[in-house]
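Under our numbering, the sequence shown has 88 at position 88, and the numbering climbs by one with no breaks.
Hints listed in this document are in silico derivations from the structure and should not be mistaken for laboratory results. Just so it is clear, CB atoms sit at the ideal spot from N, CA and C, and this is done for glycine as well. Some clues are possibly wrong.
[What the hints assert, rightly or not] Computed Cβ-Cβ distance ranges for the label pairs, DEER-style:
id, residue 1, residue 2, range
1, E82, C51, 29 to 35 Å
2, F6, D61, 42 to 48 Å
3, G54, A14, 54 to 60 Å
4, S35, S8, 27 to 33 Å
5, F24, G52, 41 to 47 Å
6, W50, S5, 51 to 57 Å
7, N12, S63, 45 to 51 Å
8, P16, D53, 52 to 58 Å
9, G29, C51, 31 to 37 Å
10, L70, S8, 37 to 43 Å
11, G52, A14, 53 to 59 Å
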Amino acid sequence: MGSPSFYSDRVNGAVPRVHEDLPFATSTGLEALVSRRINNNYLAEEFPSWCGDGYGIEGTDFSSIQPELLALVPEATWPLWENFHSDATLFDVSSLSDRNSPSLRTGNITRI
1 MGSPSFYSDR VNGAVPRVHE DLPFATSTGL EALVSRRINN NYLAEEFPSW
51 CGDGYGIEGT DFSSIQPELL ALVPEATWPL WENFHSDATL FDVSSLSDRN
101 SPSLRTGNIT RI
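With the sequences and hints as input, model every part of the structure.
Right, here's the structure in full:
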């Protein structure tokens, strides 16, 4: 199946498929993906915040993410995305969140 033919492609020509810089929409999409993983406790197993009774993980300990992130990706900021960052920094942070995101085991995380 061929790619769809959009009006703008017929009038303006096809959009280049290779970019030297990451498009803004792609950059903000990757930022949102990493932020969602952190905020939705996908990193809770690697950076656990323990329940008060000590018998389960209730979420992500955000304070324990910062030292590892800044050690491995020195150009990153915490909280994330507060300052300008390069595409390379975005890819490094994204890779780090992938590495530390085991599949969610809902039995180990107490949902509130």
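Earlier hints that do not hold, by number = none
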